[in-house]
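Visitor: All chains should be built: construct the whole structure from the sequences, respecting the hints.
Here is how the chains run, residue by residue.
There are 4 protein chains.
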Amino acid sequence: MGIVLGDNQYGKAEVRVVRLDRDGERHAVTDLNVSTTLSGDLADTHLTGANDKVLATDTQKNTVFAFARDGIGEIEDFGLRLARHFVATQPSIHRARVAIERFPWARLDVGGVPAAHSFARSAEGTRLAVVHHDGERSWVTGGIRDLTVLNSTDSEFWGFPRDRYTTLAETKDRILATAVAASWRFGRTEDVDWAGAYTTARAALLTAFADTYSYSLQQTLYAMGARVLEHVPEIVEVRLSLPNKHHFLSDLSAFGLDNPDEVYYAADRPYGLIEGTVLRDDAPEPGLAWS
Amino acid sequence: MGIVLGDNQYGKAEVRVVRLDRDGERHAVTDLNVSTTLSGDLADTHLTGANDKVLATDTQKNTVFAFARDGIGEIEDFGLRLARHFVATQPSIHRARVAIERFPWARLDVGGVPAAHSFARSAEGTRLAVVHHDGERSWVTGGIRDLTVLNSTDSEFWGFPRDRYTTLAETKDRILATAVAASWRFGRTEDVDWAGAYTTARAALLTAFADTYSYSLQQTLYAMGARVLEHVPEIVEVRLSLPNKHHFLSDLSAFGLDNPDEVYYAADRPYGLIEGTVLRDDAPEPGLAWS
Amino acid sequence: MGIVLGDNQYGKAEVRVVRLDRDGERHAVTDLNVSTTLSGDLADTHLTGANDKVLATDTQKNTVFAFARDGIGEIEDFGLRLARHFVATQPSIHRARVAIERFPWARLDVGGVPAAHSFARSAEGTRLAVVHHDGERSWVTGGIRDLTVLNSTDSEFWGFPRDRYTTLAETKDRILATAVAASWRFGRTEDVDWAGAYTTARAALLTAFADTYSYSLQQTLYAMGARVLEHVPEIVEVRLSLPNKHHFLSDLSAFGLDNPDEVYYAADRPYGLIEGTVLRDDAPEPGLAWS
Amino acid sequence: MGIVLGDNQYGKAEVRVVRLDRDGERHAVTDLNVSTTLSGDLADTHLTGANDKVLATDTQKNTVFAFARDGIGEIEDFGLRLARHFVATQPSIHRARVAIERFPWARLDVGGVPAAHSFARSAEGTRLAVVHHDGERSWVTGGIRDLTVLNSTDSEFWGFPRDRYTTLAETKDRILATAVAASWRFGRTEDVDWAGAYTTARAALLTAFADTYSYSLQQTLYAMGARVLEHVPEIVEVRLSLPNKHHFLSDLSAFGLDNPDEVYYAADRPYGLIEGTVLRDDAPEPGLAWS
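Residue numbers (the UniProt record's numbering), protein chains in the order written: chain F, 1 to 291; chain C, 1 to 291; chain Z, 1 to 291; chain W, 1 to 291.
Do not rely on the hints blindly, as some may be mistaken.
Put simply, identical chains are the same to the list, so a pair is met inside one copy or across any two.
Derived DSSO-like pairs: lysine-lysine, alpha-carbon spacing no greater than 30 Å straight-line [what the hints assert, rightly or not]:
1) Lys53 - Lys245
2) Lys245 - Lys172
3) Lys53 - Lys172
Since the hints were made in silico from the structure, they are not lab data.
Guide: Spelled out as structure tokens, the structure:
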């Protein structure tokens with residue numbers, strides 16, 4: 001019996017790079033959180049502490065800032081450039097993963113006119129991209145998080161099994177609220193309109209959430225994933241993680257009051273957590289996409 | 001020498017009440033975090049544990065939900081109703097403080113039409129109100145937080161004193177970013193258009209941030225406070241707390257690259273913190289307003 | 001009617017300085033979060049943007065690191081040195097406030113021996129100091145936070161008034177849990193054994209929490225504050241803020257089970273919040289101590 | 001081309017159950033955060049909203065509280081009981097995952113005596129268990145998080161490759177600090193001394209961290225994993241995720257000061273992140289253990 005090194009990786013997490021693009025007076029802001037992760041021929045540093053194959057995480061950070069000098073563009077492309085660079089230039093690095101969060105900013109409105117160089121953080125959701133590259137192939141997923149939504153009606157929940165431990169009442173009208181966390185896998189990495197895919201996928205998620213008359217959050221989840229696939233042909237698979245942000249009807253009867261579905265208590269914990277995948281039946285194999 | 005009880009207060013913090021208002025198909029959401037704090041003749045419970053003068057914090061919570069049954073309206077009014085109730089009905093309670101946060105929701109847009117009962121959390125800022133009542137008088141402050149803004153130019157910082165420990169370079173062009181936290185004191189509590197005051201004050205803060213050519217964050221702070229006073233006559237004093245969310249220009253020279261004010265590092269800690277008050281020279285005494 | 005500048009201050013928040021002291025092989029770690037706040041003749045920067053009286057917050061940060069070079073010692077002393085430096089060297093600065101958090105580390109135990117230079121973060125609580133200096137006088141408060149405690153019995157709560165909105169049952173046995181946040185004011189700033197005062201005050205808080213048979217959290221609060229005053233003569237006033245971390249007995253009757261005070265649900269929000277002051281009847285005026 | 005449902009699961013997250021065990025006056029506290037996740041024949045609820053196969057997450061929560069009535073014991077056992085119950089009693093549920101966090105409490109010391117029923121949250125780390133059960137087999141992993149450690153010397157980092165973007169200086173003496181997050185896979189689920197395994201694994205991690213003279217955090221990681229395997233025969237694989245909590249030596253030269261490895265700046269972001277697996281060369285297949 002011996003002890004051996006298994007899978008391993010390392011990198012620099014949460015590099016907060018902000019880039020300004022200037023078109024005369026009119027500026028644009030790109031605000032990112034970039035995490036790079038490398039793996040490959042790294043047994044030496046684990047077993048002996050020899051670091052000649054370890055591209056320092058500080059160097060990875062520097063590379064992010066240096067690459068931003070030439071422009072960032074869409075985060076999926078920026079991730080591809082970075083991932084391919086690390087694998088191409090470091091013989092010991094056989095695989096790179098670059099995860100990027102893009103925080104949303106909206107132009108401030110000043111006197112009815114969009115400001116040229118003033119911005120406010122918006123609630124449009126944080127745009128996500130994760131890129132893998134193994135020296136030959138690349139895989140890209142996009143996504144979104146920090147998008148909190150609520151339907152104040154058109155949600156029921158009933159017909160579930162009742163065992164010894166079931167006390168939940170059935171309901172024909174409840175609040176349905178969640179914080180959307182979605183990732184989508186692209187079937188290819190060339191000739192994709194990354195920005196258009198993001199905008200369309202985001203709109204599909206919101207529209208499906210709003211217009212699905214729901215008998216379970218699972219049903220809403222499936223509708224949301226399917227809607228993305230219907231509208232974005234380059235996307236082949238969608239993964240959703242939806243916390244059920246419970247709003248419990250407040251029982252006011254002790255105070256001699258009724259409560260006709262008006263007053264709710266918004267709970268923190270525990271919460272339901274619904275997770276699911278919706279995909280095309282001819283989706284290519286995921287490869288490293290979700291690693 | 002003896003040991004005595006000094007100032008004290010107690011209450012229920014962070015009651016998360018959500019109310020739906022229904023106008024046929026069209027719903028509205030009011031999403032609050034309410035904290036009640038009472039003080040008065042409370043020596044007994046501290047000194048002997050006798051609780052006959054202690055309105056239970058659980059009862060305070062129940063009262064918040066019960067009062068929401070009749071409608072919430074503007075948070076300043078809801079706070080006044082609650083604060084006056086506690087003092088009026090509990091002989092031992094001589095003063096109440098009700099602090100309310102209102103989380104912003106925006107109607108979802110579905111196919112170009114605002115949804116009747118679907119919403120998304122927005123980034124318009126969390127609206128705040130703090131109400132004090134002492135049995136005779138009431139005081140109200142409003143406010144906002146969670147409003148993050150950035151100017152990508154029109155900000156300089158130079159001319160500051162240089163002592164032994166000063167290394168900061170002067171700059172004629174920098175990013176200026178902050179998360180606005182503002183409170184404003186109303187000069188009266190009757191006949192105030194609370195919603196209008198909030199909307200106007202918020203717009204004044206944003207506009208002043210955007211259109212002030214800034215030589216220091218202090219200057220911007222003063223401009224923001226003054227702008228609120230200029231546009232909302234009922235407000236007599238504004239307090240602002242503005243973290244300077246530093247964006248440092250990345251030094252790319254080691255990589256043979258220049259950086260013409262394009263690539264920045266967004267720092268977490270430490271950060272500058274600028275706090276100041278702007279008020280009318282005939283503002284009435286604050287009384288308990290800021291307690 | 002005019003608009004004027006009111007109270008204002010500025011500084012650098014959350015300077016994370018860590019110092020090692022080496023006594024041969026045996027090291028000690030001092031891990032601080034320092035926030036400096038200055039006020040004085042600062043109207044110019046607010047009104048015109050002229051910064052010749054504004055010691056840059058970057059300089060304040062540098063000063064913290066430079067002063068750490070000569071040793072930090074007790075945080076109350078380090079705060080006094082910094083506060084006095086800023087007021088003494090900057091004519092425009094009339095008052096300084098230095099707030100310090102010290103994070104606790106304990107020596108790791110390796111094979112039964114305390115390690116010479118290996119440490120783990122401990123849960124002893126974060127030690128606090130806030131120093132004010134106005135050019136002539138200084139004021140010091142100490143304190144602690146992040147100290148979470150629980151009594152599993154010896155806590156009752158009953159006899160409280162019952163109004164229309166009261167539903168809480170009386171109890172003769174409940175869990176009492178809180179996260180202690182305490183500040184204490186020293187009556188003088190010279191010849192104080194800061195470390196001893198902290199250690200004794202912390203032990204007094206914990207002992208009083210544990211050995212007080214409690215009829216209300218207010219009663220426990222008072223006992224904790226009084227115990228500190230009884231054991232630390234240099235402390236003249238104690239302020240406590242104690243969230244009531246509710247543990248609700250789980251109702252298992254629907255499952256045919258009793259619950260003899262064994263199974264609880266630990267709630268997040270809302271929570272009771274009990275705040276109070278205990279002081280000596282001959283305590284000197286607080287001056288700027290609590291500002 | 002069609003759209004289909006892929007992998008999915010659902011459950012109740014973060015059930016905060018606290019149990020008291022009473023041995024006369026002497027109490028013990030078990031403080032848990034339990035998350036249950038079920039999967040199986042769940043296509044209906046996704047595709048049509050029919051919920052007859054969906055054990056409500058509210059019922060899952062109730063089950064956790066009800067099962068705590070008979071005692072919790074070791075969290076690995078509690079997880080096994082819950083996971084097997086859900087699969088055994090719900091025909092539609094083919095697999096259950098139960099993840100448990102146990103928060104550490106230490107007995108308060110009152111006058112040199114360990115208190116019978118007073119406790120303080122400790123920093124020993126949060127104990128973790130994840131149990132999977134598929135109706136036939138069970139898999140158990142244990143683990144720990146929230147364990148922050150620091151070596152003030154005996155850490156070097158040099159010999160790493162230098163490319164165009166490398167600026168990091170080599171060092172023969174640095175602070176090495178991390179927040180340990182570890183999971184370990186047990187080779188069997190019967191006849192394991194769970195508590196003993198946890199205690200021994202935790203001690204092995206800390207001892208290896210302290211006594212490894214380190215040339216890279218990867219080397220320390222491997223030493224920590226191997227040490228666990230050497231001391232706990234039931235554990236067959238260890239996964240570690242170690243953020244490199246950077247402490248940068250402060251450059252005081254601008255102030256005319258040297259800095260003989262004494263004054264550091266503790267950075268928040270970005271941070272290195274080192275992840276790796278150490279396992280026995282005859283470890284059985286992981287099956288569902290890490291799912």
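Visitor: For each hint, tell me whether it holds in the structure or not.
Guide: Here's how the hints hold up against the structure:
| no. | hint | verdict |
| --- | --- | --- |
| 1 | Lys53 - Lys245 | between (46 Å within a copy, 22 Å between copies) |
| 2 | Lys245 - Lys172 | within (17 Å within a copy, 34 Å between copies) |
| 3 | Lys53 - Lys172 | between (61 Å within a copy, 18 Å between copies) |
Violated hints are absent here; each numbered hint is respected by the structure.
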